[in-house]
Amino acid sequence: MKRILVGIKRVVDYNVRIRVKPDGSGVITDGVKMSVNPFDEIALEEALRIKEKGGAEEVVVATVGPPDCQQQLRTALAMGADRALHVTASGSIEPLVAARALLKLVEREQPMLVILGKQAIDDDNGQTGQVLAALWNRPQATYASKLELQGDTARVTREVDAGLETLEVDLPAVITTDLRLNEPRYVKLPDIMKAKKKPLDTMTLADLGVEQHEQLKLVRFEPPPQRQKGIKVKDAAELVEALKRKGLL
Amino acid sequence: MSASILIVAEHDGAKLNASTAKCVTCARQLSGAEIVIVVCAADSAAVAAQAAQLAGVTRVITIDNPANAHALAALLAPQIVAVSEPFTHLFGPSTTFGKDLMARIAGLLGAPQVSDIMAIESATRFRRPIYAGNAILTVEVNGAPKLIGTVRTASFEASATGGAAAIEKAQVSVELPTHTRFVSVSAAKNDRPDLQTAQRVISGGRALGSADGFKILYSLADKLKAAVGASRAAVDAGYAPNEMQVGQTGKIIAPELYMAIGISGAIQHLTGIKDARTIVAINKDGEAPIFEVADIGLVGDLFQIVPEIERLIG
Numbered sequence: 001m002k003r004i005l006v007g008i009k010r011v012v013d014y015n016v017r018i019r020v021k022p023d024g025s026g027v028i029t030d031g032v033k034m035s036v037n038p039f040d041e042i043a044l045e046e047a048l049r050i051k052e053k054g055g056a057e058e059v060v061v062a063t064v065g066p067p068d069c070q071q072q073l074r075t076a077l078a079m080g081a082d083r084a085l086h087v088t089a090s091g092s093i094e095p096l097v098a099a100r101a102l103l104k105l106v107e108r109e110q111p112m113l114v115i116l117g118k119q120a121i122d123d124d125n126g127q128t129g130q131v132l133a134a135l136w137n138r139p140q141a142t143y144a145s146k147l148e149l150q151g152d153t154a155r156v157t158r159e160v161d162a163g164l165e166t167l168e169v170d171l172p173a174v175i176t177t178d179l180r181l182n183e184p185r186y187v188k189l190p191d192i193m194k195a196k197k198k199p200l201d202t203m204t205l206a207d208l209g210v211e212q213h214e215q216l217k218l219v220r221f222e223p224p225p226q227r228q229k230g231i232k233v234k235d236a237a238e239l240v241e242a243l244k245r246k247g248l249l
Numbered sequence: 001m002s003a004s005i006l007i008v009a010e011h012d013g014a015k016l017n018a019s020t021a022k023c024v025t026c027a028r029q030l031s032g033a034e035i036v037i038v039v040c041a042a043d044s045a046a047v048a049a050q051a052a053q054l055a056g057v058t059r060v061i062t063i064d065n066p067a068n069a070h071a072l073a074a075l076l077a078p079q080i081v082a083v084s085e086p087f088t089h090l091f092g093p094s095t096t097f098g099k100d101l102m103a104r105i106a107g108l109l110g111a112p113q114v115s116d117i118m119a120i121e122s123a124t125r126f127r128r129p130i131y132a133g134n135a136i137l138t139v140e141v142n143g144a145p146k147l148i149g150t151v152r153t154a155s156f157e158a159s160a161t162g163g164a165a166a167i168e169k170a171q172v173s174v175e176l177p178t179h180t181r182f183v184s185v186s187a188a189k190n191d192r193p194d195l196q197t198a199q200r201v202i203s204g205g206r207a208l209g210s211a212d213g214f215k216i217l218y219s220l221a222d223k224l225k226a227a228v229g230a231s232r233a234a235v236d237a238g239y240a241p242n243e244m245q246v247g248q249t250g251k252i253i254a255p256e257l258y259m260a261i262g263i264s265g266a267i268q269h270l271t272g273i274k275d276a277r278t279i280v281a282i283n284k285d286g287e288a289p290i291f292e293v294a295d296i297g298l299v300g301d302l303f304q305i306v307p308e309i310e311r312l313i314g
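Residue numbers (the numbering used here), protein chains in the order written: chain A, 1 to 249; chain B, 1 to 314.
Bear in mind the hints are in silico, worked out from the structure with no lab data behind them.
There may be inaccurate statements among the hints.
Below, in silico cross-link-like pairs of lysine-lysine (PhoX-like), each with a Cα-Cα straight-line distance of 20 Å or less [as the list claims (entries may be wrong)]:
#1 B/Lys284 x A/Lys234
#2 A/Lys2 x A/Lys104
#3 A/Lys234 x A/Lys246
#4 A/Lys246 x B/Lys274
#5 A/Lys246 x B/Lys225
#6 A/Lys188 x A/Lys51
#7 A/Lys229 x B/Lys284
#8 A/Lys104 x A/Lys217
#9 B/Lys169 x A/Lys246
#10 A/Lys33 x A/Lys21
#11 B/Lys284 x B/Lys215
#12 A/Lys2 x A/Lys51
#13 B/Lys225 x B/Lys215
#14 A/Lys21 x A/Lys217
#15 A/Lys246 x A/Lys229
#16 A/Lys232 x B/Lys274
#17 A/Lys2 x A/Lys198
#18 A/Lys188 x A/Lys198
#19 A/Lys51 x A/Lys198
#20 A/Lys194 x A/Lys51
#21 B/Lys274 x A/Lys229
#22 A/Lys244 x B/Lys223
#23 A/Lys217 x A/Lys229
#24 A/Lys232 x A/Lys244
#25 B/Lys284 x A/Lys232
#26 A/Lys232 x A/Lys217
#27 A/Lys53 x A/Lys146
#28 A/Lys244 x B/Lys225
#29 B/Lys15 x B/Lys169
#30 A/Lys217 x B/Lys146
#31 A/Lys33 x A/Lys2
Next comes chain A alone, as it looks inside the complex (with noise of 0.2 Å):
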């Protein structure tokens, strides 16, 4: 079957004002909205217009993380993923541990294509999906705005620093997504109601034989530093002489 095979994350909802706890052993999330990581929602949407567009026949959704993951799980069934897959895990869930577990569910699931958010809002890593891809031994397409199959290649436009570039990869790939390759779509109320009978499996990372190692130890979190509060000048001239008196100009 012509599978994809999407990962997706719990994260701080983007609109959240993020605050340090004050002993500085994270980020308050008591009470805060917590949402599908935005660039896996922009996964998901890729990969359910392929399927809707003929190009596969069925999308598997995944994630690593505490129960508490099962919201983010149901709100992509509600999207339209066919089925989730959680793999249950608690603490700090780091890139090689994630990936290892994602290549896991591949040789599982043996999809044409994964795909993943460039990045997750919160720990701001961006390595999963290369990560991966190097375990799996396969191609990466990362940062893409344009995604076609072409039988059993797939071209790739990626957004870098120098502009455009496209790639041409080999399927099965991973590809890891940016912004302006779609906008996910809204969730619709009956949705949610059919998404509470599809499939939900869960596993834990022993299940999969995958350790979950701590090599990354968060130490300290702080608030960053703050700007100084600046000046307000009237007109044109006034910035004009106060960049000059900066030296600016």
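Chain A is already provided as a structure; the job is to place chain B on it using the hints.
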């Protein structure tokens, strides 16, 4: 055990990207570290010569292969792994080139990666921004023989030149995959300074109203020898190409002077300009969040103010 750091050079085949010199400065924060640059290219001579001049670099390793004409992570990663054995740290810049490549190397080596290093506290302890720069994390790497890092280039000045490191050709005989092929790269041609290294940057937002509206910025930029950037909103609206985007998901920059014109200042944009020395904001909405971070703010109509600034500086 003293650290030995391998830095992967970013270049376009002829010229070493300034991001590499910034990685060297980052690596030099670790006193006593041996710093080696690896250049993968079709013909590495010109780039290796530039790398060898960076102060603090002990050696330059070159890996020449016609397949390296375009920097494809899937092809470069196994070649770099092939020369990585003696090193404790492998660094690359936190540019799209480095972010794409270094994590693939981390995967091949099964090594942990610290992304976006903004400061080095010890050989195993680093500081990095998370949550789009809304928190700073100190991270300690435990029990890993080798670690991978990407360097947040906006946090470091480019290392000076004046060095004369030895250049060695490495014989690398790994089989390269054929599953990933370069097709093309397209970029708007312009003669302005590079956005990521320019001392002055003028950026426009959605208030410019159209691609045509950006012309007043280009005109001022040419007078100031500045690079031109854009907010995500302006790029999404089609007023400017994506490579001009400044912000968390675009380019993170640290110019001497940053002028935000008609940009409201969404958090993801502010993340990209936090390290600018002086921020100027021009916006008709006096309540716009950009004024919270601006050193000099001017409330008014940008279509009058920008041409007037150009006239005043003559």
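Status of each hint after checking the structure:
This hinted pair checks out: B/Lys284 and A/Lys234 have alpha carbons roughly 12 Å apart, not beyond 20 Å. Proximity of A/Lys2 to A/Lys104 is assessed by CA-CA distance (about 18 Å); at most 20 Å being required, the pair is judged to hold. A distance of roughly 17 Å separates the Cα atoms of A/Lys234 and A/Lys246; the hinted pair therefore holds under the 20 Å criterion. Proximity of A/Lys246 to B/Lys274 is assessed by CA-CA distance (about 18 Å); at most 20 Å being required, the pair is judged to hold.
Note on A/Lys246 and B/Lys225: the hinted pairing holds, with a Cα-Cα distance of about 17 Å set against a maximum of 20 Å. Taken as a hint, the A/Lys188 and A/Lys51 pair is honoured in the structure, with Cα atoms around 19 Å apart against an allowance of 20 Å. Pair hint A/Lys229 plus B/Lys284 holds up; C-alpha atoms about 19 Å apart against a cutoff of 20 Å. Distance restraint check for A/Lys104 and A/Lys217: the Cα-Cα separation of roughly 25 Å exceeds the 20 Å cut-off, and the hinted pair is therefore not satisfied.
Only pairs whose Cα atoms come within 20 Å are accepted, and B/Lys169 paired with A/Lys246 is rejected, the gap being roughly 48 Å. Using a Cα cut-off of 20 Å, the hinted pair A/Lys33 and A/Lys21 holds, with the two alpha carbons roughly 16 Å apart. Annotation: proposed proximity of B/Lys284 to B/Lys215 holds, straight-line Cα distance about 19 Å (limit 20 Å). Between A/Lys2 and A/Lys51, the direct Cα distance comes to roughly 9 Å. Compliance with the 20 Å bound is thereby established for this hinted pair.
At roughly 15 Å between alpha-carbon atoms, B/Lys225 and B/Lys215 fall within 20 Å of each other, so this suggested pair holds. Restraint check: the Cα-Cα separation between A/Lys21 and A/Lys217 comes to about 17 Å, which is no more than 20 Å; the hinted pair holds. Pair hint A/Lys246 plus A/Lys229 holds up; C-alpha atoms about 16 Å apart against a cutoff of 20 Å. With a C-alpha separation of about 19 Å, the suggested pairing of A/Lys232 with B/Lys274 holds against the 20 Å cut-off.
For the given pair, A/Lys2 sits about 19 Å from A/Lys198 by alpha-carbon distance, which is consistent with the 20 Å threshold. Straight-line distance between C-alpha atoms of A/Lys188 and A/Lys198 comes to about 16 Å, which keeps the hinted pair within the 20 Å bound. Among the hinted pairs, A/Lys51 with A/Lys198 is consistent with the structure: their alpha-carbon atoms are about 17 Å apart, no more than 20 Å. Proposed proximity of A/Lys194 and A/Lys51 is supported: the alpha carbons are some 18 Å apart, at most 20 Å.
As the CA atoms of B/Lys274 and A/Lys229 are separated by approximately 13 Å, the hinted pair is consistent with the 20 Å bound. At most 20 Å may separate the alpha-carbon atoms for a hinted pair to count; A/Lys244 and B/Lys223 meet this at roughly 15 Å. Restraint check: the Cα-Cα separation between A/Lys217 and A/Lys229 comes to about 35 Å, which exceeds 20 Å; the hinted pair is violated. The hinted pair formed by A/Lys232 and A/Lys244 meets the criterion: a straight-line CA distance of about 15 Å does not exceed 20 Å.
At roughly 13 Å between alpha-carbon atoms, B/Lys284 and A/Lys232 fall within 20 Å of each other, so this suggested pair holds. With a C-alpha separation of about 43 Å, the suggested pair A/Lys232 and A/Lys217 falls outside the 20 Å cut-off, and the hint is violated. A distance of roughly 15 Å separates the Cα atoms of A/Lys53 and A/Lys146; the hinted pair therefore holds under the 20 Å criterion. Straight-line distance between C-alpha atoms of A/Lys244 and B/Lys225 comes to about 16 Å, which keeps the hinted pair within the 20 Å bound.
For a cut-off of 20 Å, the pair hint linking B/Lys15 to B/Lys169 stands: about 18 Å separates their Cα positions. A C-alpha spacing of about 15 Å is found between A/Lys217 and B/Lys146, which places the hinted pair at or below 20 Å, so the restraint holds. Our distance criterion of 20 Å between C-alpha atoms is broken by A/Lys33 and A/Lys2, whose separation comes to about 35 Å.
Violated hints, listed in ascending order, are 8, 9, 23, 26, 31; each of the other numbered hints is respected by the structure.
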